[in-house]
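There are 2 protein chains.
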Amino acid sequence: VTEPNPQAQYVLGVDIGGTKLSTVLATRAGDIVHKVRRPTDANLGPASGVARLIEMLHETIRAHGEDLDHGQIGGIGVACGSPMDAERGVILGPPNLPSWNPVPIVEILEREFGLATRLENDANAGALAEWLFGAGRGRRHVVYLTMGTGIGGGLVLDGRLYRGANGNAGEIGHMRVVDRGGPLCGCGKHGCLEAFCSGPSIARRTRKALAGEPDSHAAPHMWAQIREALCGDLEQVTAEHLFDGARAGDPLALRLVDETAHYMGIALANVIQAFNPEVIVLGTIATAQGDFFLDRVRRVVRDETWPLMSEIVEIVPSPLGSRVGDYAAISVLLQETYKEASC
Amino acid sequence: VTEPNPQAQYVLGVDIGGTKLSTVLATRAGDIVHKVRRPTDANLGPASGVARLIEMLHETIRAHGEDLDHGQIGGIGVACGSPMDAERGVILGPPNLPSWNPVPIVEILEREFGLATRLENDANAGALAEWLFGAGRGRRHVVYLTMGTGIGGGLVLDGRLYRGANGNAGEIGHMRVVDRGGPLCGCGKHGCLEAFCSGPSIARRTRKALAGEPDSHAAPHMWAQIREALCGDLEQVTAEHLFDGARAGDPLALRLVDETAHYMGIALANVIQAFNPEVIVLGTIATAQGDFFLDRVRRVVRDETWPLMSEIVEIVPSPLGSRVGDYAAISVLLQETYKEASC
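Chains as they are written, first to last, in the working numbering: chain A, 2 to 344; chain B, 2 to 344.
Hints are not guaranteed to be accurate.
Treat identical chains as interchangeable: a pair holds within one or across any two.
[Unchecked claim] Pairs of lysine to any residue residues, derived as SDA-like cross-links and limited to a Cα-Cα distance of at most 20 angstroms, are as follows:
| no. | residue 1 | residue 2 |
| --- | --- | --- |
| 1 | LYS209 | GLU241 |
| 2 | LYS190 | ASP180 |
| 3 | LYS190 | GLU312 |
| 4 | LYS190 | ASP304 |
| 5 | LYS190 | THR20 |
| 6 | LYS36 | HIS191 |
| 7 | LYS190 | ARG299 |
| 8 | LYS21 | ASN6 |
Please keep in mind that the hints were generated in silico from the structure rather than gathered at the bench.
Computed from a prediction, not measured in an experiment: that's the story for all the values here.
For reference, chain A alone in the conformation it holds in the complex:
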């Protein structure tokens, strides 16, 4: 079986992370019927992890009751970190699971369950989830950006996932936002959006600014908070501390939040001039901070894009939030049904 069954009532989703695995059974309409979560135990290697996944999938199917046979399940969608060969369905050792290289997960699951299986990277799967079940519902042009440990991106263009020439499109987080130089990014380049606006990058910029202004006058609320909660240990400062300080009116924190919104805003403006999307969905930090952060980003975007493009694009926090992983996995499979319908 290599083609998903578009008549089936249910689909299975598999989310493979560095610390946890999860499997879900959902209806085609996106109602999560059952979910199983287990630790990945990455140190035990891929064979053990894959065996656990298979167990979890059997358990997920069984849990729905005696009467569910495979004819009622349309297929399995799998979301995992890159690098991967999505077309061949092979995981190629993502940073959080380096020993999973190679793992032909599609072949393995198709053989075990006799169900069509599809693999996609997390960011692409997240874009599909927002398109089918979140802020991109009913739109044809959706840009999705995570804003957590890294800034991953996925693109739905003209009503289908856009992968690019060799599956690497959508790396918005690694577009340069300064003319020259800039901080070193985890990817090895300098000056990437991610090197300014990911969670760890925001924390690093905050630590640096605090270290440069060590008296309490510049950042009274933040220093009070650090004294109390972190015993003055700057190494423990996170992006959340920065946003808390800014909400409390701390001038240094506000300046750093504005700076973060500036970099995010000019990157999104470039994305808008290039892709002319209907909606940009931002996850994680943007979801947690909401309009306090996004209104600042929207102001920069308004100043930096042509009105005929900025007027039609919405910049919104992910409504799926922490549930995005579940929807992402099933969307990897469900996209095919939608794609066929629109062609």
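Here the structure of chain A is known, so what remains is to put chain B in place on it, guided by the hints.
This is chain B only, laid out in the frame that chain A set:
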């Protein structure tokens, strides 16, 4: 007749510019059989211009000989400057033809000739031309950038023209390439790629640099050239003078060419990280200057993109060159045949 006839042997193309109009008869394979050119005489207004176009099209058809009937012509493709409503086929007063607002060119030509007619803006039509007949032949992901008076862009993604939510995608020339500020662009924004790398922008940067270093030591070849050809009149300096000076080894000119390549390179690197294309085709200045300029751009791109993307993308001058307008017009119509074939 609103559907092109994919069986017909010939197609017609119309290129509407601010100073000239041209019409071509071509085979579906792209052989230009006959071409007519006339001045636009924009001052006479759109009614006069459209009447002239209709005359030219009749002349183009007749010129092929007695035996050509409309059943042998698949339709008419029209290329013109933006803004426009491409879907409805209406020209909306582009900067070089402000009085052509509105001109429902598709309706007019369909009524006159009984042939399916399609309208597209110059940059999109150029991208289609490079995809079907130029450097993008046989590829599915093609980015096309003009590099003349302005920097227009067109995108063929997944084997079809990508227009975005309201037809404005591909404005690569108006992506910001500096963190803040930057020169004022013709579009009203600051710091756009076009404000550094269009022909007039390169000339402006050159004039400014020469004015700042008025003695002949900094730019010996350029000053000699300006003295001879322009009688020292800096206002007359063009991008071509800069490239001539750089080829002659002038140190200031070389620095400015490198700077131009830097801005073009970081913009293209951002395009590559976002779109993961197979080929980027650059027109006009890049076509004229060839590898002397493009090798510098390629070096910047190599330093600024992930190898797995930069290794598969070619950055090439437009092989169609000044003939791109003819191919662009017919490609506006021909894209439909190809799109259907790939679906």
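Hint check against the structure, violated hint numbers in rising order: 5, 6, 8
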